[in-house]
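Asks: Residue numbers (this note's numbering), protein chains in the order written: chain F, 1 to 114; chain L, 1001 to 1113.
You can take every hint at face value.
Straight-line Cα separation of at most 30 Å, DSS-like style, residue types lysine-lysine; simulated pairs:
{"id": "1", "chain 1": "F", "residue 1": "Lys57", "chain 2": "L", "residue 2": "Lys1005"}
{"id": "2", "chain 1": "L", "residue 1": "Lys1054", "chain 2": "L", "residue 2": "Lys1005"}
{"id": "3", "chain 1": "F", "residue 1": "Lys57", "chain 2": "L", "residue 2": "Lys1037"}
{"id": "4", "chain 1": "L", "residue 1": "Lys1037", "chain 2": "F", "residue 2": "Lys71"}
{"id": "5", "chain 1": "L", "residue 1": "Lys1100", "chain 2": "L", "residue 2": "Lys1056"}
{"id": "6", "chain 1": "L", "residue 1": "Lys1037", "chain 2": "L", "residue 2": "Lys1071"}
{"id": "7", "chain 1": "L", "residue 1": "Lys1100", "chain 2": "F", "residue 2": "Lys57"}
{"id": "8", "chain 1": "L", "residue 1": "Lys1054", "chain 2": "L", "residue 2": "Lys1100"}
{"id": "9", "chain 1": "L", "residue 1": "Lys1100", "chain 2": "F", "residue 2": "Lys71"}
{"id": "10", "chain 1": "F", "residue 1": "Lys9", "chain 2": "L", "residue 2": "Lys1037"}
{"id": "11", "chain 1": "L", "residue 1": "Lys1054", "chain 2": "L", "residue 2": "Lys1071"}
{"id": "12", "chain 1": "L", "residue 1": "Lys1071", "chain 2": "L", "residue 2": "Lys1056"}
{"id": "13", "chain 1": "F", "residue 1": "Lys70", "chain 2": "F", "residue 2": "Lys57"}
{"id": "14", "chain 1": "F", "residue 1": "Lys71", "chain 2": "F", "residue 2": "Lys9"}
{"id": "15", "chain 1": "L", "residue 1": "Lys1037", "chain 2": "L", "residue 2": "Lys1054"}
{"id": "16", "chain 1": "F", "residue 1": "Lys9", "chain 2": "L", "residue 2": "Lys1100"}
{"id": "17", "chain 1": "F", "residue 1": "Lys70", "chain 2": "F", "residue 2": "Lys9"}
{"id": "18", "chain 1": "F", "residue 1": "Lys57", "chain 2": "F", "residue 2": "Lys9"}
{"id": "19", "chain 1": "F", "residue 1": "Lys57", "chain 2": "L", "residue 2": "Lys1071"}
{"id": "20", "chain 1": "L", "residue 1": "Lys1056", "chain 2": "L", "residue 2": "Lys1005"}
{"id": "21", "chain 1": "L", "residue 1": "Lys1071", "chain 2": "L", "residue 2": "Lys1100"}
{"id": "22", "chain 1": "F", "residue 1": "Lys71", "chain 2": "F", "residue 2": "Lys57"}
{"id": "23", "chain 1": "L", "residue 1": "Lys1100", "chain 2": "L", "residue 2": "Lys1037"}
{"id": "24", "chain 1": "L", "residue 1": "Lys1100", "chain 2": "F", "residue 2": "Lys70"}
{"id": "25", "chain 1": "L", "residue 1": "Lys1056", "chain 2": "L", "residue 2": "Lys1068"}
{"id": "26", "chain 1": "L", "residue 1": "Lys1068", "chain 2": "L", "residue 2": "Lys1037"}
{"id": "27", "chain 1": "F", "residue 1": "Lys57", "chain 2": "F", "residue 2": "Lys14"}
No lab work stands behind these hints: they were computed from the structure.
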Amino acid sequence: NAGVTQTPKFRVLKTGQSMTLLCAQDMNHEYMYWYRQDPGMGLRLIHYSVGEGTTAKGEVPDGYNVSRLKKQNFLLGLESAAPSQTSVYFCASSYVRESPYEQYFGPGTRLTVT
Amino acid sequence: DQQVKQNSPSLSVQEGRISILNCDYTNSMFDYFLWYKKYPAEGPTFLISISSIKDKNEDGRFTVFLNKSAKHLSLHIVPSQPGDSAVYFCAASGGGANSKLTFGKGITLSVRP
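If we strip away everything but chain F, and leave its shape as in the complex, we get:
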């Protein structure tokens, strides 16, 4: 049982390049989330999904797109990377019908945009 995994672990992009971050979970969780963590800013929600085929915007969605084609996978895309998107990205999942609404996090992807 791997929990939540993220691919890749590190990536360096040039401004304007695109990439996709992959999140996979093997806990049969319904809800999945993408966060970014910046120094002094805590964790901010980018997009989330309440089930296969559905996505919704979080607190900081601009510049990102997501897709949830399969229940176990949640993809985060950057169409045209900008230096402001340099951050550590965390994926999380939860089985929301059970309290305490605990979210399980992946190990993170460190992205640098030059």
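Put chain L on the given structure of chain F with help from the hints.
Replies: For chain L alone, kept in the frame of chain F given last:
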């Protein structure tokens, strides 16, 4: 506007002493609160939670207290150990259909041997 505030960015305590990490919130619709612990280069891991119908929850060395009237919660770690050195995030949820968590900025705890 920050709905979950962790106003102290860091805390340093002696091994064996109590660590008290504070968190304030502004949204009265929050009804569930969680603490997460994060080591460098790892994802956050769940530590302890509390429902708004309680004012205290204990799990081993960790106790969370909730004061709803003050919109304040605190995490107590007794006794503190060097392995507790990490960043601690306070998070809040509106519960029900709103499963999203709102996180504070985090507090860096250093436990000195």
